[in-house]
Amino acid sequence: MSTQVTEQETETEEQSSHQRRRLEEKAERAASRDRMRERAENDLDEADTTFTLKVFRYDPEIPEKEEPRFDTFEVPFTKGMTVLDSLMYARDHYDSSLTFRHSCRQAVCGSDALFVNGTQHLGCKTQVVDLGDDGGVPGEIRVEPLPHQEVVKDLVVDMEHFYDQMEAVEPYFDADELPDGMEEQRQTRENREKIKMSSRCIWCGACMSSCNVAAGNNEYLGPAAINKAYKFAMDEREGENRKQERLEIIEQEHGVWRCQTQFSCTEVCPKDIPLTEHIQELKREAVKNNLKFW
Amino acid sequence: MYEHDVIVVGAGGAGLRAAIAAHEEGADVALVSKLHPVRSHTGAAEGGINAALRDGDDWTDHAYDTMKGSDYLGDAPAIETLCETSPEEVIQLEHWGMPFSREDDGRVSQRPFGGLSFPRTTYAGAETGHHLLHTMYEQVVKRGIKVYDEFYVMDLAVTDEPDPEDRECHGCVAYDIKSGDVVGFEATNGVVLATGGDGQAFDHTTNAVANTGDGPAMAYRAGAPVEDMEFVQFHPTTLPSTGVLISEGVRGEGGILYNAEGERFMFEGGYANNAGELASRDVVSRAELTEVNEGRGVEDEYVYLDMRHLGEERITDRLENILHLAEDFEGVDGLTEPMPVKPGQHYHMGGIETNEHGETCVSGLYAAGECACVSVHGSNRLGGNALPELIVFGARAGYHAAGRDYGEALVETGPSVAIEHEDDLGAPVEPGALGPADEDVAADGGEAAPDGGELLNPSATVERTAERCRQRVEELKSREGRNHAEIRQKLQKAMTRWVNVFREEEGLKKALEVIKECREEYRNVAVSDPSSTYNTDLIHTIETRNLIDVAETMTLSALARNEFRGAHWRKEHQKRKDDEWLKHTMVQWSDGSPEIYYTDVILEGAEKAYEPKVRSY
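Going line by line, the protein sequences match chains A and B.
When we follow the UniProt record's numbering, the leftmost residue of the first sequence carries the number 1, and every step to the right adds one.
When we follow the UniProt record's numbering, the leftmost residue of the second sequence carries the number 1, and every step to the right adds one.
Just so you know, the hints here were simulated from the structure itself, not pulled from any lab data.
Just so you know, not all the hints are guaranteed correct.
[To be verified] A short, non-exhaustive set of chain A residues, derived as facing chain B with CB atoms under 7 Å:
| hint | residue |
| --- | --- |
| 1 | K26 |
| 2 | R29 |
| 3 | I62 |
| 4 | T99 |
| 5 | H102 |
| 6 | S103 |
| 7 | C109 |
| 8 | K153 |
| 9 | F173 |
| 10 | R186 |
| 11 | Q187 |
| 12 | T188 |
| 13 | R189 |
| 14 | R192 |
| 15 | W203 |
Even glycine gets a Cβ: it sits at the ideal position worked out from N, Cα and C.
Isolated chain A, as found in the complex (with noise of 0.2 Å):
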């Protein structure tokens, strides 16, 4: 008998020592909380100006998240502020289930394209002041995932579609014939300029959400991809032979003839990647290759 008094003896400890620490745990969540808002609202009281993130959050698994929706934040205006800096904040301050990509905050690693006020946008590379009238803090900025592709969560979408349509091009330099040991390929400096500006892609996908054609048929490679082609077809240093396989692959059903050139492309391009006149040029040789062969 007495064994068992102590074992029921060190059950109730067990239990109101873990309801203790259960208490602590919240007490301590509640504080840090309360510490973050206090700072939210210390930075609110001593900014000049201020405005409204309105988000979307979307997650599946959270019931009260399942529906989609639209949260709205008050951030304090600083000097030099991107849409990404203010979802930094926010996610920091007032909700740190808030979900977005980012990595280099320097409009390199592609991961941060959203839709901002109904255009994509890089939001590392997007001032707030851009985004008000005569470049002033705008009073509400609106962000939303990018459109035509599924959403995983909040801003975060599935870009395993953009993944493979760049992946069907075959993306990759794959010379007709290499020098030997350590001498280089020559490549002159004005093809290397042609090549420029394809190759300052950063897989974004901001392109391809922002193309109707894209948006209604889900084979079209999409200007990203295409674009990627350009750069090494029109790269002097792969040789002729891998130039007419890559003017094939472009040239296929879902390939450049589906463009409509309405620009879109070009225009949210956050490296300024002339995308609709390079698939114009693949057009054009596509062309001339066939009246070669004809």
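Using the hints, position chain B against chain A.
Frame of chain A; chain B shown alone:
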């Protein structure tokens, strides 16, 4: 559980190169990365790749410059391997189609960089890293190498012997960011860590948000020592508001630094009478901060970098990307205005101790790139030497892990090569783990058999580590507690205030106290997002623990080194002390306690010995 011969963690420059090498050697290799490969921060590198390619240049000159730049703290066998192999690696990139800038004769262009005796920095505009990253990812696609992207590696699966040199790494465990599953990866041949930098330990950095020192922290907790962690490079030209990098290429092409009084202070202030703006990065960063501290800064914060005199044609041809960065992130037109710049954390010379084959002292565990310390940069890295390090040592680690025989390494690793132990650091608080509550991630080494007896087989080692990681995820998500962001910001502020360009004993001690507070607060950390779909709250929370560990090793090492060498400036110790300090600082996690010891620097090269000289530019 997944199984491959070689698992590469991280898919930036070093990781991609390692994977291609392992594949070429015939191994079944997989890349596991928390980012899709093209999102890696190698893409932000601007300047170029040092390689002795041309007549009049020689790899031995590159080696000499690198040793001098390191302030005689690089290991000669590693430096010579770097400089001798860099040319063939650069030509390899050219053969893979990397769009280098070109000369009139069609050959790849090279330009001058700080600390170099020959213009050997091979470049592709001011976007060299972007092109290097994409070119190598293209080759990974071509070879059909398996990539697990958006898989966050949480821990290494390592055996549990008391001596780290007896331990074996059998794989790692990753959190699948999209699904929330915790999965084991068994590596039959080896794990290559290529996780990049740890600049997020500071609050003004050129590093990406993802650069959280995951590799060094995991290897350190598995028992592999970290080396020369006090040596952190602060780049002299970063934009004040964001920390965005302005390439050294601007100064390489002739850009000039002015203070608020319009003085060309690098010359007029006597900081570098010969090299001026092209002195080594540590020299220029200190010069800028001295100007600001003495009241000659603009708005008491920064100085000006002026490239207007180079003319629009040259700027657009060679530095066009800089115009975009200055415009987008600072609202300045580099063609008509000088650009504001100040020093910012940029690169970590220190890292996981490896030999020149990329091996750590833990069998089957490799490291390459910024997360490693082989050591080629010593106390200061020269501009243009990071990218060759990625490709040279990434390739070697990949080949070696896949079975290529490089013979005996000249650089030795592990605690057995210690020449002395630090027993009088004078730290104000006890560093390291706080005790049992910390043990979820503080496993010393790794996994013992449940009865403490016979060792587990490799798969069981991975599975047990995975089980521990699953519990950790569950606990972080189920309990209530403090948000990690608060702790991370506190850590970053302390590091930027006290472990920055200028360091004093009192400040370093204060930093250790704050780090200890961060550890205590982290005991109560919790993830408030309960979702298993793309839970970035969880990822960032785990990263913050890694940052605490690496920040502590940086600060302990900085306190230990009582001299001024390279990037490590100490107020109380204004001289380089070769008699006492020609040695590497090592920190090793031993039963949750950081042990500091020293190892010899190797100044004996294959053909000659490098004599320490006064480093002036």
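| task | Please write out, lowest number first, the hints stated earlier that are contradicted by the structure. | result | none
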